[in-house]
Structures are given as structure tokens and as C-alpha cells.
Amino acid sequence: MSKIESGMESMIDMYIFETNTLLEQLDEILLKTEEAQTFTGDDINEIFRIMHTVKGSSAMMGFDELQLLAHKGEELFFIIREKPDNLSDVSFVYDLVFRMSDLFKAEVELIQGEGEYVATDFSAVLSDLEKGAAILTSEGGVIPETASLSSPAASGGGEFGEGFMTVRIYFQEGCKMENLRSSMLLNKIREEADVKDFYPKDLEGDPNASDIIVEEGFTVTFKADPEENGAVLKLIENAINVESYEVIHNNASGQSGSDQVAASENENEASIAAAVSLPTDSAATSGASVQSVVENAPAPVKIPSSDTAAPATPTSNTNQAAHLNTGKQSIISVNLAKLDQLHDIVGEIITTESMVISNPELEGLKLESFLKSARELKKLTDELQDTVMSIRMVPLAGPFQKMNRIVRDMKVKLGKDAELKIEGESTEVDKTIVDSLNDPLMHLVRNCMDHGIEDSVEERLEKGKPAKATVTLNAVSSSGEVVITVSDDGKGIDTEKVLHKAEMNGLLLKLPSEYTEREIQNMILLPGFSTNDVVTEFSGRGVGMDVVRDNIEKCGGSLTVESKHGFGTTFIIKIPLTLAIIQGMEVKVDDTVFVIPISTIRQSFKVQNSEIIKDTQRGEMIMIRGQCYPIMRLHENFAIPSEVTDFEDGILLLVETDGKSACLFADRLIGEQQVVVKPFPAYLGRYNIKGAGLSGCTIMGDGSISLIIDVANLIEVY
Amino acid sequence: MANTSSLFAQNVKPGEKSVRPEKEEEITKALTFAIGEQVYGIEIPYVVEILGVPKITRVPCAEVPYFIKGIINVRSRVVPVVNMRSCFGKEEIEYNEKTCTIIVALNDITVGLIVDEVLEVLSVMQKNIAKTPDLNNVNENRFIEYILEMNDGTKLILNIKKIIFDNEF
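Protein chains in written order, with the working numbering: chain A, 7 to 724; chain B, 21 to 189.
Rather than coming from a laboratory, the hints here were simulated on the basis of the structure. Where a beta carbon is used, it is the ideal one built from N, C-alpha and C, also for glycine. Any given hint might turn out to be false.
Unchecked claim - Per the computed footprint, the stretches of chain A lying under chain B, defined by three or more beta-carbons under 8 angstroms from a beta-carbon of chain B, are:
hint	stretch
1	348 to 359
2	687 to 696
3	711 to 718
Could you build all of it, start to finish, from the sequences and the hints given here?
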């Protein structure tokens, strides 16, 4: 199979985006309902809608396997919707649907990926889905037609044309369980005729249904041939406990039935029913109707099916159905590459602007109105920059919500009871950062679940902790960076064990007794370190933590661990709000201009040579407020032939990051400036420039390039 | 990328010239330049633009080889520059008014090549391509795609792909 049908290339992005969004929605609903251990009508219908949309768009794109998979899932939920009472054991449904959703995601990733797309064979899960469907169909034995929600409540009277008959049935007084009897009767009528509508709608669920039937009778509208109408009437007549019946409409509109629905049901119920009613009338009748739904649905399935029903019932825009749609209309999805381009251009405009305004040719000229306009321009470009920045900012809710799923899966597999607490998910960070946070967060949450939380509940109870463990995800933004913490209330890091392990693996650089607790805790982030003796499915291979750290550092962040033995562990991720623009201090070393991120600078100062402490090697240090800091000469470090080698001629900058600090020696400070960070060209990617202590470069106002110092790596080099 | 490439890049796409008709037709055009006495050429589709020698910012990293002189600012794009003299093992000379930077691009990668002098744009004809033994086996010649024998001398047409991706010396 070719990757995509011709002419569909432009659609593929949209398809992937849409399908992924839907799958995330699906996961969300599943997780929510799993907690409650029950599907509400809304949930089932929402899942049904998702399956249906995925199926439709997969079919449109020509992904037959995906279409089939979605179809099976849809069928499953069709049965669940039709026979909610059969759903005595929901857990297997969850496993099945989660599995399906995973397969979907994997497949979509395949489609998205490079190279030829080969459809995966889903036969295993397909047959499981069929089995599941079979179980659900047979299970119980309760009257299957409780399909109150699937009936087209929104269908107006006008739809009832020729051959329709509305009958009101009264049961014998005091026969009890009128609702069930009605339901059984309805079932029988369905065997004979096409039931269009009935009232009360919710025979099983509504406790008042019986009362309504007693008082107002049970109204059924059905379509049948004139001869068969007689048969149906006979059936009703002969049914047990039926006292009497009256034909309200024959060959006329079924208005009365519909009116009653709208009038007496409360708004919420009406809207739900409306939102889920399928575009075809036959939807309620049999399993085969699923097919017809597909045929009648609009091909691109851009609009959720709930929209199609909405206009019919003005009441439907009140709650959930409406809630799901409102957010979408005011948001458009933009290709990230275009945003990047916009961002680049804005960066260039800012640089060009300062090239114009501080052009050396203007020096000495009296330019009153020019400066006024220049200020105006500066204000506008600043605003433009802020706006572009804010476009790229997305809330962390996405990656956070995904963790629910991880916790859920691990809870089941590890047999540990835990819950995920999410705080501050509305904190916004740059889109590229959010994307690169997914993997690290997943690793950390897994780690908390696997290593952090005690293996047995007894262990927890002994310590006086609640039996249910908590994994907390928190995000707060503070001064230019976002701090994300992943913490558990588990057993914490056993520093002795870590130290022992590190010694065994030869990771120690000094005597074990010389390590501080914090240093030991952070050892678990070293490559090749794992205290877990058993390699589990989730973690324990010793890769992971260092990969997590690398990933976070790649996007300019840092990772540290804090732990209290016996009380839990907290991973702290600090990431910059945005990658692209930093506040920097320009320093000069000979002719080269370096930019040091302001956030790392603690202090800059002049020194006397007498204050410098020299150690036995060539190392130089300085004592500031009782603390000793090593001095790094930037000109030596970067092999720049500078004339300023005397400390008294230059300037020292105390920098600190990740708890490590040093003093940098430069010729002189130029000033503070906002700079647009540009990565080094791809051509230089094969050389380890970052390892040398440079994180990128930036174009200055005069068009020259200066280099941005990566303080953490620079200290590392030293 | 696309917006920075000049009008040159529109005629023929890189890589398309592999089909060489045996007729006396122009296969492609090449921009020739001199390094010392020797004339080299780059097929036009790869050439983005020609600049003088802008201010070069050195990248102070021990791993970056000596012939990569640093990075330059080409209209707000950061482009690395390679000195072709030292790349070909010749001694570097001081930049003068004839020294040029030829910006070449291949896929996403843009590189500036510092050459002694840019000469002309000539038509590459099949009949001018010299029959030579497989050049790639000889280490010093591995940057050479083919040799042109013209009336005014021999011109070595460079393989840009090799220069960009295979510059371990």
C-alpha cells in the first residue's frame, strides 16, 4: 500500500493532528470513567463519536486497517450504548479500549514517520474486540432495549410521514414495574415494526418512568405497512397486563410524542439525547445501522456528529455537548514551522531595528523627530515580539494529562495503589519545550511509581502514610523559568545504597565520606546508574535518568533531585520559559563578544591581585563572603589571544547554575541586552561545541555575531 | 532556505544532472574560482550567492577543525565558513579585495567557501568532460566530481556533497 493516496498529502497533517487530538480525548474520558467505574451516557456517546470520526477520516485517507479497527471499537460501544446493563464487568472493556487506543497512536506515528507506511495487522486485537462485543451482547439477559439515548429525540414531527402510527398504551392498574413491561412490549413491537419514537424515553433509568406510564400511558410511534399495523395492534392488545390502548395518530405526524419529550424532560437530558442522536433514523433499530451512519455522515467528519443534531434542539447548547465544541471554534491550528518562521522574522526585525536606530552614521546628528519615531517603533516591535512569544506558549496540561495514563497503566501492572495529583497545569511554556518534556516526564513518573512508591501497602502504613500513594505533578513559573516538580510520597532515596552502588559501578570520583547528601542523591542521574536490582518493564535498565537529564538539558533546562529517606522523592525540572530570547550580559574578550545569560550571573566585580589565591597547580581562586570560587579566564578557556591578562585590568563575573559556581574573567562588560538565541549551523553539529561551553550564537545590533556561553558546561569543562 | 537562494538555484536542481546526454548540449553551468593557480568550479545549482569576506566570528572549540574559520551573518542567518585554501592543504593567505565567499547550499545545510578569486560562469558541455579514472579512490581528489578540459585550461568541478558531508582530514 502506498503511503497516501495521491491528492491526500495535504490532508495527512490534518488527519494526524485530528486523530491524535481525538485519541487524547478518548484517553481522558476513559481515565475519568475508570475512576468512577462506570460509563455515563455522555461518556459512551462521546467515545462513540470519537471512534466514528476516526473511522470516517481513516476511511477517507485510505487507511483501511485503521478504519476496521475503529469500526470494531465503534461496534463495541454501540453494544455498550444499546445495552448498558450488560456492562457488569467494565475492566476488560477498559483494557481493550486502551489497547486499541495505543495501537491507534502507534499506527498514526507510523503514518507520520519517515519512509514507506505499511499497514499493521490488527487481527489479534480485532478478534479480541469481537469477543468483547460478543460477551457484551450475550451477558446479562436484561431486556436489551433500554436504548433511550439512541433514539432520535431531536427528530421533529415532520419526519413522521406516511405509514406511521402512534399508540398510547395503558397498563392494568397496580401491575407494577410498568417501565419494564413497557420495555418488553417495545421489544416485541420492534420485532414487527420500525419503532420511531416512544415516551417516556428512559424506561430503565428514570425512577419516575413507571409513574409517568401509569398516569399518561406509554406512547409508541412506529412505522409499518397497513396490514402489519394491525398485527402490531394485535400484539399490543394481547400483551400481558395491558389494560387498554388508543391510537392517537395514524398516517399523521407523530408530533404529540415528540412534543412531550421536549416539554417534560429536563433540559440536560434533552440536550444529551440531542447531542448523541445519530443523523439517521434507523440508528436505534439494529446493529447494522452503524454502517448507515457512516454512509450518511459528512465525509471529512470535521464536525462532530453532535453538531448535526444541535440545530434541531435549541436546548442542546447548554452543557457538555456544547462544552466540547465551544473551545474549538476560536482556535486554529497552525503549522509550527510557520510559527518558527514568524518568530525568526520578528527576531530579525528587532535586530534590524537596532541596526537602523543606532546606526553609526547617525552619530552627532540632531534628530529629534527621528528619535521620537524610533521610540514608537521600538514600542511596537516589543509588542510584536511579546505577541509572537505568547502565540508559541502552550499550557502544560497536555503532557501532564498524559501522565494520568502512565500512572493508570503502572498501577494495574505493579499492583500499587496510587493517584496522580496535577497542580499548575495551566502554566504556559514554549511549544517546543512542551514537546520535549513528554519523554522526561514519563520517565520521571514511571520512576516514582516503580522505585519511589513502596512495594507493599504495609510498608506505607507502618510509616504512617495513607495506603494510597500520591504522585504529584506541579508547575509554577518564576522569573523567566518554569519549575516543574514530579514528586512521590514513597520511600525516598536510600543514600547508603546509592553510594554503595556508585562505588560498585566505579562512578565515585572522591572518597565516599566526602560526598554530601545532595551529591549522592543526584548520583542517580548519572549515566549507567540504577539501584533497582531487577530490570522491570518500566525501568531499571540504568538508562533513563541520565537520558531524562540529557533531554531536559537539551532544551536548556536542568534536573535535580531532592529526597528525604522514608518520606519521598522530588525531581525538580527547571526550564526556560522560552528558548529563543534571553536576557544576556555582553562581555568582551579581545575582539570576541560573549553573551552570558543574566539569570546565571550573581555578581560582577573588580579585584585586586592580592585577593587572588593561587593553588599549587595553576589554579586561581577568589574568596567572596567566606566562600572560595575557582576563576576561569575566558581568554584562556577559548584560546583567544587577549592583551588583558592582569586581573586588575579586567572584570570578574560570579556565575552560578545547578548549584555550581565559578568566577569568569573577561576583559570588560559591554552591557545588558535581550538577544535572540540562534543555534549553531547544522554544519557544525558534528563538533561538540556545546561541550566546550557555548550554547549558541546571536546576531548583534551591528550585524556581528556573538557567542552565548553555556555556564553549566563551561564549569564542567573546568 | 528557499527565500535566500538566488535566481541561480531555479534552473536545475542539484542531483538532476546525473543524466548526461551524449550530445553537444549544455549540461549545467559552473561557477569557477581560483585558489592559487588552479581553477575550480562549483555547479551553479548549489551556489546561493557570492559575498566579499564579512566579519568572521571564530568558534572557540577545540573540536572545530582549523579550516572552518568561524561563522558569519548572512542576512540574519548564521552560516559557517570554510577556507578552501586550508581545506585543500594549501597555505592560507591574507584576505584581499579579490577574496570572496561563495555561499553554497545543499538541502538544509548552507556553507560559505572562502576562495582567492571568483572567475566566471561557464557552460559545462559533455565534450569538455575529461575521461578520467575513478577519482574517488585517490584521497586528494575525492572532492572532485569531474574535470573539465577547456581551451583556457583544466577546471576541476567540485563535489559539494563531499565537501559538506565528508570533510574529515
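Tested hints:
{"no.": "1", "hint": "348 to 359", "result": "holds (count 5)"}
{"no.": "2", "hint": "687 to 696", "result": "holds (count 7)"}
{"no.": "3", "hint": "711 to 718", "result": "holds (count 3)"}
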